[in-house]
Structures are given as structure tokens and as C-alpha cells.
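Once you have looked at the hints, place chain B on chain A.
Chains as they are written, first to last, in the working numbering: chain A, 4 to 279; chain B, 61 to 321.
Simulated pairs of lysine-lysine, BS3-like, Cα-Cα distance not exceeding 30 Å:
id : chain 1 : residue 1 : chain 2 : residue 2
1  : A       : K112      : B       : K147
2  : B       : K147      : A       : K231
3  : A       : K234      : B       : K99
4  : B       : K152      : A       : K187
5  : B       : K152      : A       : K164
6  : B       : K152      : A       : K231
7  : A       : K234      : B       : K147
8  : A       : K43       : B       : K147
No wet-lab data here; the hints were simulated from the structure.
On a predicted model such as this, the values are computed, not experimentally measured, just so you know.
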Amino acid sequence: MSELMASIAVGEWLRAALVILVGFFVAKLVSRFFRRVTEKSFTPHHRLLGSTLVFYVVLFMFLLSALKQLGFSMSVFLGAAGVLSVAVGFASKTSASNLISGIFLIAEKSFEIGDVIKINEVSGEVISIDLISIKIRTFDNVMIRVPNETLIRTVFTNLSKFALRRVDIVVGIAYNEDIERARKVLLKAVQSHQRALENPEPFCIATQMSASSVDLQLSVWVLRTELKDAKSELLIAAKNALDNEGIEIPFPHTSLYVGQHTQPLPISMVSEGKEP
Amino acid sequence: MKFMSKKPIDIGDGTWHSTALGDLFLYISRKGEEYNIAKEYQSPHLESLCKPLSVIGGLPEGTQVEERFYLQNNSDIPVFSLQLSDKPYQVKPAALVKIAPHSRLVLYVSTPLWLQVRSPSCGEVLAEYPAVRPRMSWVGSNTIEGSLCYSSQTSAPSNLSEVRHTKHRALTALELVNDGNKVLVIDRLSLPLNILSLYICNKNEYWTESVRYRVNPETGETTIVASQKPPEQLGEALQISEARSQNRASRFRTAMSLIMG
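Chain A extracted, bound-state conformation (with noise of 0.2 Å):
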């Protein structure tokens, strides 16, 4: 090997020197182009990837140049690539999953930075998207690395991605309540909400005749950026609406026995500082 690199004349050095350096000033021009380019089409995250990727392939063509240049024959240097690519391969199975997985991840577009996902019992704020893996910052604050693979093969929700969520809140009325009347309350307490969105309407549904009450699905559309300030808000609005018009939200009833089937509790009468 020494007595290759000793037969290799300076001249050859510095032009293979200069190959790489022009290499790396084009790689840069034609990634800033790229960039340029798909400023409107791609996202900022998605405009990066892609314009680092651009880099060092251009670069690296420069460099398979300026070997050449050096007197490397590139059938044994590409045959030695091949060759080490399965070596490299084999080691890194799964890091080559998580790549690739990444890669359709990010030409599926199914999240960006920014969105709320879901996955499995974690859900927060995406704050990267990388080859291998995704990282999303909780809502306390915790950061949570998602490998790329997992992502492909579990189901997650995206919670950002359109502009409207619907909020759906349940309440229980009693059973001697007017349900026709309740229905009407309560969607005229969140008609007039400044967070409940016009259009859609909201509605309100009788969904089932639970144990202690016959319950109540409002629905109501609000901005998914205000979701958490409208879930609080209509409820507390729902519940003094409720409260207002008197109809009763019962709590479970549970009926207690005790001892042999006919025999009540027995119950005494006690006066005030008497012992019994």
C-alpha cells in the first residue's frame, strides 16, 4: 500500500486535492439549488433531508473522481464497496430497517414537525423527524425516541392533522328527567359558546340507559388548537346549564343489604352526649 501511495506523484495529490475541493463547492451549489428549487413544493424538514442528501452524493461522485485521478481502479474499489455494503449490511440490520423505514415515512407524509401524534400510550408534540428515528416531546415535557420501524408497523394517530377535532362529552341525566329537554339545554348552552364552531352544528344524541342515568352525547366542532380550552370550558358550560334549569345528574346508586334478606338495619335513636 505505502509503495502505491509513494508511486502516486505529487502532481496527482494536488489534482485529486483540487477534484475534491471543487467537489465540495459544487455539492454545495447544487444543494442550495435544491433547496431553492423546492422552497414552495417541501416542507423546511423535508427541504433539508434532501438537500444534505444531495450534498453528499454529489460529493461523493467527486471523491470516486479523484481516486480515479490517484490511479484506483474503481471495478475493484466498487467490487470491495459491494462487498463491505453486505458486511455493513448484515451488522446493521436493524438500523438499515429503521432507514428505509424512515425514507417511506418521510415520502408518505403522514406527520411533520409540529404535529400531535399518538402511538401506542404515548402521545406528544413531534419535534424531529430523522432517519432512523423520531423523537416527540410530551406534554410534561419528556422527550420520547420512536424508532422509524415501529412507527411502519404500529398504528398511530395523528391528532393535528386536520383543523377541526370534535369534542364529544357525556352526560348521564336521571331517569325521571325529560331527555327531549335536556337535549335542548344543553345545545343551546353550547350554541352561544364563543369555541363551539357555528358550522358544523353541534348535537346532542341519547346514547344509552346506563345504571344510574340515561346518557347524553354532545358533540360539539371546535379549532383543534383550542381543544383543550374548549373540552373544559363546554363542559363546565353543559354542567351549569344542567345545574340552572334543575335537571338532575345522578350519581351511581348502589343498594346495600345486610345480613339475612328480610331483616332491615337496625337503627336507634342516640341523644346528644349519651352514650347509647
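The following block gives chain B in isolation, referenced to the frame of chain A:
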């Protein structure tokens, strides 16, 4: 009484001033180069207000300063101006409107104005508030395709003499043309206020340019054309604020579902 269209906010140092428009009460005070702004809304069920800027003892109890801004020097006095809303308005006529095939109809609809505080030197908006707290809505064929807008119920008369003028609302003449062979049913309609300018006419009424909707109910194709001025029968009209979106074309085609959905 005519509300100021571009009036300097020339107020003394350290005193609170108040103005009202629609349901909005706007409070403003100056401490040297610093201006403080607070606002509150009255109940929408009360009668609309229109009060010029006047001195008040102080901020009403419970009202907080919302914004503070600084101007370069004391001679740089901010101005009040009026503007149309920053989003399209979904106009809901009180009753369903049906237009026979190959017929046309002009409806007059009113939408609330926004009160702005601008820097006189650069014209930038320092603060702005709607005269009536707007209700958000969505216009589109479904909850995915469409856009956010405000919503307003209006009587939408078709006769100019029946139009009710208020100082906090601007009127738009909407010409609806049914180009199809089916009856065109209009339950609600999105008015692209962000591409319209605000005018004041001789009678001190606020108007926007007229807008024509050519709709084919069979294909769903709609062409919206904004004219260059308010209706001619109003006489001379003076433009008092430019459209918010200068780049958007005054003529565009869209799907019927995206403006009437």
C-alpha cells in the same frame, strides 16, 4: 354620528380614554411614548354602540391592559382606522334563498367591522379588535376540505331601501347568478372579505365592493368576481382601507361546496 375612518388618537398623558363601536369598548392611555390598550365586550343582546373617544376616570374594574406599544417620539400619534374582517365571513340569510334557473338576485349583506390602531409613520397595525366578537365557523364540503371563517346571521334583503345601516357594519351587494338549469338553493355563503376594500359613501355608510357569484348548481362550478367599487346607485364612495390580501385575484373559480358548504 359618523365614526372616525382614520382619526388621530390625540390623548393627554396619563389619562384613560374610551371609545365604543358595536359591542366593543376600547380603552387607551398614553404614558409618554408608551400606549396601553384594554378592551371589553358588552353582551351581544344589547343595542350596538358608537361613541367617540372621550376621557374616562380610569379602567373599569376587572378590565386588564392587554397590549402595550411604543412609538418613536411624541409627535408620532397613532390613528384609529376601520377595516374588514381578516377571514371570510359565512353569511347566513335568515331564510333559505332559492334562485330559479338562469335568474339573478342581488342580496345586501352586512358584516362587522374591525377597529384598528395604526402607526401613522409606517401604517402598520399596532392593535385591532372586531366590533362584534365573531363566531368561528367552517365552510367546506366536509371537515377536511374547507377553510375557517366567521359566521354571521343576516336578514339579507334584496331591496336597497330595506337595508338597515349600522355604524359598526359594512354592507356588500352580493349578486347571485344561477347559470344552471336547476334551482339554486342558498343556505349560507362565504363572503371573501379579505380581498375586499372598505368604502364610505355620501350618506356615511360603510360599503365594500360588490361581489358577483356565478353558480352552476349542476356542475358545482362557481366563479366569484369582485367589482372595483360599491353599487353605483350609492353615488360617490371613498375608499378608507385597502383589502387585507393584496395578492389575491379579484376573480377566481372554486367549487360550490367550498363556499356554500
